[in-house]
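Number of protein chains: 2
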Amino acid sequence: MDSVVLLGHGSGGSMMKRIIDEVFFEAYGGEELLQGDDAAILPAPANGERLAFSTDSFVVTPHFFPGGDIGKLAVCGTVNDVATSGAKPLYLSCGFILEEGFPIESLQRICASMALAAKEAGVRIVTGDTKVVNRGSGDGVFINTSGIGILEQGKSLSGAHCKAGDKVLVSGTLGDHGITIMSCRESLAFEADLQSDAAPLNHLIADVLKAAPSVRCFRDPTRGGLASTLNELAAQSQVDITIEEEAVPVKQAVLGACEMLGFDVYQVANEGKVVCVVAPEEAQAALAAMKKNCYGTDGAIIGEITQAQEQRGPKVFLKTTFGSTRILDMLVGEQLPRIC
Amino acid sequence: MDSVVLLGHGSGGSMMKRIIDEVFFEAYGGEELLQGDDAAILPAPANGERLAFSTDSFVVTPHFFPGGDIGKLAVCGTVNDVATSGAKPLYLSCGFILEEGFPIESLQRICASMALAAKEAGVRIVTGDTKVVNRGSGDGVFINTSGIGILEQGKSLSGAHCKAGDKVLVSGTLGDHGITIMSCRESLAFEADLQSDAAPLNHLIADVLKAAPSVRCFRDPTRGGLASTLNELAAQSQVDITIEEEAVPVKQAVLGACEMLGFDVYQVANEGKVVCVVAPEEAQAALAAMKKNCYGTDGAIIGEITQAQEQRGPKVFLKTTFGSTRILDMLVGEQLPRIC
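Residue numbers (the numbering used here), protein chains in the order written: chain L, 125 to 464; chain C, 125 to 464.
Some hints here could point you the wrong way.
Capping the alpha-carbon separation at 25 Å, the derived lysine to any residue pairs in SDA-like fashion look like this [claimed, not checked]:
hint, chain 1, residue 1, chain 2, residue 2
1, L, Lys443, C, Ser138
2, L, Lys334, C, Pro167
3, L, Lys141, C, Glu146
4, L, Lys334, L, Lys415
5, L, Lys141, L, Glu224
6, C, Lys141, L, Thr366
7, L, Lys439, C, Glu146
8, L, Lys212, C, Gln277
9, C, Lys279, L, Glu156
Covered stretches of chain L (in silico footprint by chain C; criterion: 3 or more residues with CB under 8 Å from a CB of chain C, positions within the stretch not fixed) [to be verified]:
hint, region
10, 234-247
11, 325-335
12, 366-380
In short, the hints are calculated from the structure, not lab data. Virtual Cβ for every residue (Gly too), placed ideally from N, Cα, C.
Build out the structure end to end from the sequences listed, making use of the hints.
Set out below in structure tokens:
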């Protein structure tokens, strides 16, 4: 095998066949991928079920970081986007944009990591594509994954379904991913054990949904953090949301880093957390199910939905530990580019 | 609206919301996309039908060229990959990787072009993603599209189904796309009217399939050209393929350019052509259906499948106009990088 990516690996010819066989098939070649046709043929869901379809591109830098890498993110990110709809993710596509000169050994590590994450999530990579751009026109590796899931009959979750009185849950500590990436980039060491929370959350989401069937919606607070996610939900449902600062789980190391660097932890990205809005009578059941899953042990009820006031648009409020209330705004501009 | 892409447009915050609303929704916002959840929810196919799923990333340079642009390619490429399986393409995802500083006006032109191509193909862009990389880490715009189609019960096309005696058809002239891109890059003007053949071929494919139900397979000869496609089919089916040079449609301008530049027209990329292998008794019906479609008027029967000899692996042969026979090899290395 060649030691670095060459333009010919994207040619459509025999060099491309080689990188596909020796790197991609080696890592995650299943029945559909090995068939060698241009589209994967998949069984359709049963009567009354529907499809969930989502896409995400990944451009994170650095490519490898404590707790994960761009490959793990690429699988988990799309798995989570499909799962938040309430669907069971089953199939992924994977498109690579490689830069000439990127080490094949790094690509192999990334693909092995994708295979591992896909196995944990219970999804299969069934179709793919490889492009190579010339040196200086990319940044090592970009990955797009798209995912298909199956949604049970009658299930309908949406950010537009939140109602006054509903409780807001989050599955664990905020900001781990964003602060980890930032410390890698700046070579800051805030704490030895801080690492990205990148994780496939489909099993956790399924557990919560089983325990609390009237969940209104799930949403993963990735780019833009919890603040942007809550503002999206408030706008979709035309409601206010109030969060209790002391209920929100945040690691001491992350809080310290945010204070030092002037970041708002509510706007820092997460890659293994989910926000859940649920009817009040099922909030405890949802929390218990969440806490039983290995990715939800720090889960908490952090706030609730209230009616929006007619005079102004929907707002998100934070009740601080000092007893004051401030508006939690959507991220404006860019805090940490290329976080995922 | 801002005049160029900024890092904040990929932030997950309010600037991202703005580019989504003002550029993407403006061009192709439909019901699912406007819903604003992380995954599009789609009706499942009827009993017995299956899904076809394919993905492609587009990194072509220049972004605009005679006959198309990166947006048109991104829609047509994935539509065609899904359609070659015999499926009816219905839904596309679209992931943008934008470089900081890319003109918003160019992005708008690209999105309008995607909307037009999607309309012609009869598919809808139902889910999307936007990432922005810093200046110098990308090349203006890269696009990934993934596509879902529905495959009728009992229909099974594959490059592995070719049999000795089958006829090989191509839907029109070879090399138009590759030579157009190359002339743009080198500012060569071979002929005023030479342009990319980029086109959605799903309607043509459906027409041929209706007229000739025992089509073995379709394949679009993109990167690597006709030579690579035929070598793939020969390997998948373990057969030989013989092509008659004088039967292969090629424009005079393309032939001249290839001769001048030392390119093999059989290895030059096409973006609006399809190869079809069909049982001999249905070859004429397939050809007639092809020629009736506006993208198949230059269609031709160009060769046939023969048994591979046991001693050596499957081969593709070209009978030249001089009466000699040469082996038509898969593209090795790279002829024209970033052709799509």
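The hints, checked one at a time:
Straight-line distance between C-alpha atoms of Lys443/L and Ser138/C comes to about 23 Å, which keeps the hinted pair within the 25 Å bound. Only pairs whose Cα atoms come within 25 Å are accepted, and Lys334/L paired with Pro167/C is accepted, the gap being roughly 23 Å. Between Lys141/L and Glu146/C the CA atoms are separated by roughly 40 Å; this puts the pair beyond 25 Å, and the hint is violated. In summary, the hint linking Lys334/L to Lys415/L is supported, as the alpha carbons are separated by about 14 Å, within the 25 Å threshold.
With a CA separation close to 17 Å, the supplied pair Lys141/L and Glu224/L stays within the 25 Å bound. Simply put, Lys141/C and Thr366/L have alpha-carbon atoms about 22 Å apart, close enough for the 25 Å limit, and the pair holds. Between Lys439/L and Glu146/C the CA atoms are separated by roughly 23 Å; this keeps the pair inside 25 Å, and the hint holds. A threshold of 25 Å between alpha carbons decides the hint, and for Lys212/L with Gln277/C the separation of about 24 Å falls inside it, so the pair holds.
Taking the CA atoms of Lys279/C and Glu156/L, the gap is near 16 Å; set against the 25 Å cutoff, the hint holds. Beta-carbon proximity to chain C at under 8 Å applies to 0 residues in the region 234-247 of chain L; the threshold of 3 is not reached and the given coverage is violated. Residues of the region 325-335 of chain L lying with their CB closer than 8 Å to a CB of chain C number 0, which falls below the three-residue condition for coverage. With 0 residues having a Cβ less than 8 Å from any Cβ of chain C, the region 366-380 of chain L misses the three-residue criterion, and the hint is violated.
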